[in-house]
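2 protein chains.
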Amino acid sequence: MNKFVYFFGGGRADGNESMKELLGGKGANLAEMAGHPDLRLPVPPGFTITTEVCTYYYKHNKKYPPSLKKEVETALKKVEKLMGRKFGDKDNPLLVSVRSGARRSMPGMMETVLNIGLTEKTLPGLIKQSNGNERFAYDAYRRLIMMYADVVMEKAGGIEVEDGKGIRKTMDEALESLKKQKNYTSDTQLSVEDLKSLISEFKNLVKQRFGREFPDDPWEQLWGGIGAVFASWNGRRAVEYRRIEKIPDDWGTAVTVQTMVFGNMGEDSATGVAFTRNPGTGEHQFYGEYLINAQGEDVVAGIRTPAPINEYSKNPQSAHLPTLEKLMPSVYKQLYIIQKKLEKHYKDMQDIEFTIEKGKLFILQCRVGKRNGVAAVRMAADMYKEKLIDAETAVMRVSSSQIIELLLPMLDPKAEATTKAIAKGLPAGPGGARGRVVFTSADAVEWAQKGEKVILVREETSPEDVDGMHKAEAILTSKGGMTSHAALVARGWGKCCIVGCSDIEINLAEKYFTTKDGTIIKEGDWISLNGTKGTVYQGSLPLVDVDLEHNKSYQEFMKIVDKIRKLKVRANADTPRDAKTALKFGAEGIGLFRTEHMFYGEGSDKPLFLLRKMIMSKTEEERRSALQELFPFVKNDIKATLEVMQGFPVTIRLLDPPLHEFVPHDEEKLLALGKELNIDVNELKRRADSLKENNPMLGHRGVRLGITYPEISEMQFRAILEAAGELILEGKKTMPEIMIPVTCCSSEIAHQRVIFDRVYKEVCSKLKIKKIPFMFGTMIEIPRAALTANKMAEEAEFFSFGTNDLTQMGFGFSRDDIGSFLPDYIENKIIPDDPFQTIDQEGIGELISIGINRGRSTRKHLEVGICGEHGGDPESVKFCHKVGMNYVSCSPFRVAVARHAAAQAVAEEKKQSTNKKKVSKKRK
Amino acid sequence: MNKFVYFFGGGRADGNESMKELLGGKGANLAEMAGHPDLRLPVPPGFTITTEVCTYYYKHNKKYPPSLKKEVETALKKVEKLMGRKFGDKDNPLLVSVRSGARRSMPGMMETVLNIGLTEKTLPGLIKQSNGNERFAYDAYRRLIMMYADVVMEKAGGIEVEDGKGIRKTMDEALESLKKQKNYTSDTQLSVEDLKSLISEFKNLVKQRFGREFPDDPWEQLWGGIGAVFASWNGRRAVEYRRIEKIPDDWGTAVTVQTMVFGNMGEDSATGVAFTRNPGTGEHQFYGEYLINAQGEDVVAGIRTPAPINEYSKNPQSAHLPTLEKLMPSVYKQLYIIQKKLEKHYKDMQDIEFTIEKGKLFILQCRVGKRNGVAAVRMAADMYKEKLIDAETAVMRVSSSQIIELLLPMLDPKAEATTKAIAKGLPAGPGGARGRVVFTSADAVEWAQKGEKVILVREETSPEDVDGMHKAEAILTSKGGMTSHAALVARGWGKCCIVGCSDIEINLAEKYFTTKDGTIIKEGDWISLNGTKGTVYQGSLPLVDVDLEHNKSYQEFMKIVDKIRKLKVRANADTPRDAKTALKFGAEGIGLFRTEHMFYGEGSDKPLFLLRKMIMSKTEEERRSALQELFPFVKNDIKATLEVMQGFPVTIRLLDPPLHEFVPHDEEKLLALGKELNIDVNELKRRADSLKENNPMLGHRGVRLGITYPEISEMQFRAILEAAGELILEGKKTMPEIMIPVTCCSSEIAHQRVIFDRVYKEVCSKLKIKKIPFMFGTMIEIPRAALTANKMAEEAEFFSFGTNDLTQMGFGFSRDDIGSFLPDYIENKIIPDDPFQTIDQEGIGELISIGINRGRSTRKHLEVGICGEHGGDPESVKFCHKVGMNYVSCSPFRVAVARHAAAQAVAEEKKQSTNKKKVSKKRK
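These protein sequences, in sequence, are chains H and G. Under our numbering, the first residue of the first sequence is numbered 177, with each subsequent residue one higher. Under our numbering, the first residue of the second sequence is numbered 177, with each subsequent residue one higher.
Hints are computed from structural coordinates only; laboratory data are not their basis. Any given hint could turn out to be false.
Stated by the list, open to error - Beta-carbon label-pair distances, calculated as ranges:
#1 H:H236 - G:S1033: 34 to 44 Å
#2 H:D933 - G:V930: 52 to 62 Å
#3 H:E970 - G:S1025: 33 to 43 Å
#4 H:E1084 - G:K868: 43 to 53 Å
#5 H:S243 - G:S1033: 42 to 52 Å
#6 G:Q804 - H:E389: 46 to 56 Å
#7 G:K868 - H:N237: 47 to 57 Å
#8 G:G411 - H:D933: 40 to 50 Å
#9 G:K947 - H:E970: 55 to 65 Å
In this text, a Cβ means the ideal position worked out from N, Cα and C, and glycines have one as well.
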């Protein structure tokens, strides 16, 4: 027969830390604290009913296993013995709390009932225990009735009520009404008589509402409480939370029944929360707050200002209050020793709940403390230095989002907490921003030039908007997905961006937008964006920023990261400025240099014009002449970036987009172009139209341009080789990797290589140079290329997976068009995640695996990397490590995130292999 | 040491038929005819120099193996002995021909030299041999000089000349000039004196042109001839031919040196060509033609009308001429016996070249005779009946294109031969057609209603053109590829169609088109199309047709086909009419019924309007109401087709195209719709615009519609099930297979299945029916679906590969947009074929293999088919057999082709396994 109840207390426990699946996080932790020989902390004794009971309960139509009752009674007897009190005893009653505890923490999602065992009959005993503190005892009884009515009778009883009409609300109103009537400002002013009258009123309310009496029987209360906790596992909020956090429904919760201790038994009692290190900064200092004569819920409620436990914990609000260290020096000392023990034992910063009942310290709970990004990094770096943890653990202690948090300015969380969002979209570019709304790229540029901070609001963006996007503080679009043009560009720049914000409707003609809640935002109005969450606020919210270069802990932490990771990290960078940023963030090369960038944004007028001239050429001769004019721009552009990246590889991708992307869309610009090119505008339109495609994604682009117009590839090869050659002549190291995009078969690469080899000879001879180092490789971004990778690797010296396109073609999802169905897919759990954000390992990952394995079957040491957006996504980076890539490449602002994820991949791998060893040892 | 020379003649031979690789087709055949005990035919003796010598020749800088000279001399001695003549002998000279012969026939691509060994010195000997026929001898000498100068001295000498300026042309002009001067109309009128003067003139011309004398030495002539044949292997035309026919360059050619026999030695001499059966009809009758006193080249030249060899071979032109049977009865009888022997030996219809020299019959060559489709089918069926060949051989005797030839009306080849094409495009829909040119779908409909035959000429077609396309005799587009809308639709209908005809430029406004050669074709002008070749003619060319139902041979042949094939063949059909056609062509079910067809073409007004209403609905409620109105149309549509196909499976695909495909494109129609729907036109435009997509191919379509609007799937499920249920109640057998399109993961199918199961119960209960048979499956047309087929098969009971989309996504080729680069790809041999025509086995085929294997790993007896255009492509059908599909589905007009290809797949497999057995036996 299974054991369903695990006792803890008095320096021993049935369970321990490793039994989280059975006892829940809380139960396992209490057992550990109570029973582990290194700890044996003063935990109020109690017992935990296992998660198996919860599973049983739901499988058996809300019945308990038959043996449970007996086990609970036995355990309770042990508690009574330890405490010297008796459950339901009128002279010296034992009161208990009933709490939930799932395998993984679900803070606030399930229910708790306190003060169970308190009845009219046992009240006098409690008064006696509190040295005649009648007010305390009646207040405890009042609290029990309120909580019980709410949690057990109403919620667990399945009574449906309208929002704000629950029993709890009614009771709160009665309480408030009494306070008002008596002119009280605080609950503590309530007299015994007041409490008695409230208790009587509450009991009446219970009877009226539920048609039965408040159960004034300890055992009925106890089983009611236990049942309510189990019921709360399937409460609406808990179910929702699990869905979001991906916690399986069948895990179930444990229930912990534990002796009540009271921090509100008088001035010698207190309750508090402490952290073994500062959770806001990471500083290695004992930090905490407490309240004299209060219960835990008072601390959480935030009605009274808590006092600092020590000098270190003082803040402006609490500086005048007495520290625990001063007020109860011996208790503080005891607590201090305990927190040291706890951190040493758990090897992580602990969040400790404690209560002092009549001068006696109890530890109610301890758990790994939450911390922000700055603190996480500092703690990890410090604990590694202190040899508390090893490098792998340090790396796992910081989450990717905490790294991101460190990198970006953000809206001040305090300001956000008090401001209502007016709209919500997809968080495409993290961080925060504020600015005045503009609706066109031109306006963004104009306003920005006047020194205004602007936020560009558009339905969608296109390459023509790049100038305005660049000038804007942030971008907000009403359409498009996480990998729409706006999202891609913004992420590349580390710019705050929200896309697909369907809550807003834009009126471009009259330059305003309205939100779902009816707010109208006009051009020039201030808004603020939280690009990490996707929320839009009206007005200008303050920003907070961090400085990494002088953040010693960050630098130390990243050294640990770099020590253990195996995957190299490069950046996608198109300009010397981007390249410098990339180096600053620790990039070890450029994994994607897009030759087409020079035709967008600042300084692009002349090259774009020449490109358009080339595109509009009717004959090869015309095209060659335009290309010749374009050549110096391309060469200088490449040379400048190669120069910044001396000693590092730079992967230069040949022209990728379909040519029509560069053709002006509007009549006016087309007219101007016609004039400049001296082509009749109708003829020009005809040529432009002939470039239009039904599915440009699958059209005439990438290497297909290089095959139909070999002279375009030729010009680019020449530019790369001359740039590299000139640098070598200047005594500089350079390593260009020439990358052919959009290939689907090896003969495409071979075709381009013939041109390259010819140009190579010509350049070497022109520059009088023997050798220019280079690699010649390909993107793998078309399913067929991955499937025939053994052939591709015959021609390609390296592969760079273009997972954006691979995902588009592998799924048949156009990333520009997924907005109309992907939300329904996620909503209906058809697919777990947006595959453009995190690599779909099952399908696209399979293509990548096939590609790498087949590629290396031909060329053993084939260099393999990834240069899509996924290169900056932590889960995807880990996948890249797992499948044996050599490097990932991501936007400069993501380099640190990728380095960290790469290190975590190694740490996770190590942990898994250790676990496997453990398992196999056990088997022996 | 390798043997380089193989002798034949006098009833024996060193080689035989099986040595084609070494001796070339001609050499092996001559050896077989001369030496095989069953044959021992009167072949002029000679010898063959092996293809290895050719390879050696090109590897060793055009030098021969040292032993060759001796071997040639030895072989020639044997010939001399047999013929009783001597090479170079002035009294009784032996003359020989030197001919090429590759492993596979390359007709007319390589060179031949005749009459070698004829010199001023040996001329008298030849005169003696011809009983003093001086004219004959000088004419032979004249021919030798012309041929030798052209082939050996100029072409093989590498002398480059402008077109029309070659030595041959110059000599021809000299000959013509002489004839004109003498008022001759025929070469035969040339006197001995004339010939002597020509010979002298020719020799001067040779000296002038090449700076050296015509070699009047037999051995120099012989080696020159041999060298010229080897040289011609790498001649421009031969190289091009090999490229087209995919013949490897390193095969090389053999050279056959053979005794000259002369059909022009007088009235007792003749030359002719005969076939063991009629190559035009397949009738089992000896058929042939001959010319008295002529050389082989005279027959080919077609200057004189050849006479029939027997009564059967008479035609209106030749009916008056004496038959060989009458003229030389004993020679005819000998020939008749030989042809019987040959067919029995080779078990196929033989094409025989013979020469009669002074009453003596010589067989110069025999080979498998070319035949047209009708004849091929008849011969195969007959020979199978005659037990000459087995079923597999019969099936292999007919090519797919011959089957196609049988199915379609075609332009009269005679008319085509005398008409110049005005343009050439891609042959998208085979067969022939003629009609008057119209430029819009509306015009096509209007003119057709007036009884005019029209050809619709457009830049490209769209679903809105379907009406006009249907009414037109044929379709001609200036843009688009082999799988453009026009091509697909036309092929589905078995309609003649030429696409991507860039030779024409359309002026839609003024309704005319111009061709590259300047021809202007106006609306109403007649043109004729050969859709098999892609040629366009001005005017109305006659058509020829075939009748299959009364073609007994065809019916017999298809029975053989059906007996051996394993793959089932279904048809893609959307209407009862199509379904009937499909049955007529032998379809065993419908593999693709497109629900959307009912919104195109005739009778679609009402359903299309309702569909548009549904599309333009703003709420689910509106949508449901429109769907309800649409329901009866859909149900009746499905029911009618199910009824036709009683007892056969019908795979019904849910709505596939993106919704915007159904939204009217032009302002006027949109206005009308707005009025009918009572929606403001601007609002309507907004809604229409919101449906537009950047890459509709990868957009909101297929199952994605069913997930965002489950009510659309629901309506379709209900329509299918009610249709099937009602038929069952009417006592009819029906087997609908419900097919979910555009799936990329199994949960999509599961999502739809939940809806289906609910509707199934509702329909069963409504119709009071216990069970409606059905299968529930999916298209596999997205790479991810193939890669995760093990998962897909958990939900899908059948797979149908949509290889069009699989090719689009696998290659990243939008079939609407490949026109801009695919021609360059084919041209540059980047890919061997248009992958939309024939499955790319290496890449897309790999996806299919993975899909089938993984699918069957989950569901062992998973039904697998294909329903793309490839289902009607013979090579692709064979691939489908190889990878273990259960069926292919193609357009009704392709069903016979697919059945035949499926049978060939089995035959080829059997042959391969026999060959393997042979090889392994040999090894033992």
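The hints, checked one at a time:
In this structure, H236 of chain H and S1033 of chain G meet the distance hint of 34 to 44 Å, their C-beta atoms being roughly 38 Å apart. Our hint of 52 to 62 Å for D933 of chain H and V930 of chain G holds, since their Cβ atoms are close to 58 Å apart. For E970 of chain H and S1025 of chain G, the hinted distance range of 33 to 43 Å is not satisfied, since their beta carbons lie about 21 Å from each other. About 44 Å separates the C-beta atoms of E1084 of chain H and K868 of chain G, a value consistent with the hinted range of 43 to 53 Å.
Between S243 of chain H and S1033 of chain G, the C-beta spacing of about 45 Å keeps the proposed range 42 to 52 Å intact. Between Q804 of chain G and E389 of chain H the C-beta distance comes to about 55 Å, which sits within the given range of 46 to 56 Å. Range check, K868 of chain G to N237 of chain H: about 54 Å between beta-carbon atoms, so the 47 to 57 Å window is met. For G411 of chain G paired with D933 of chain H, a C-beta distance near 29 Å fails the hint of 40 to 50 Å.
K947 of chain G and E970 of chain H have their C-beta atoms about 56 Å apart, which keeps the hinted 55 to 65 Å range intact.
Of the numbered hints listed earlier, those contradicted by the structure are 3, 8.
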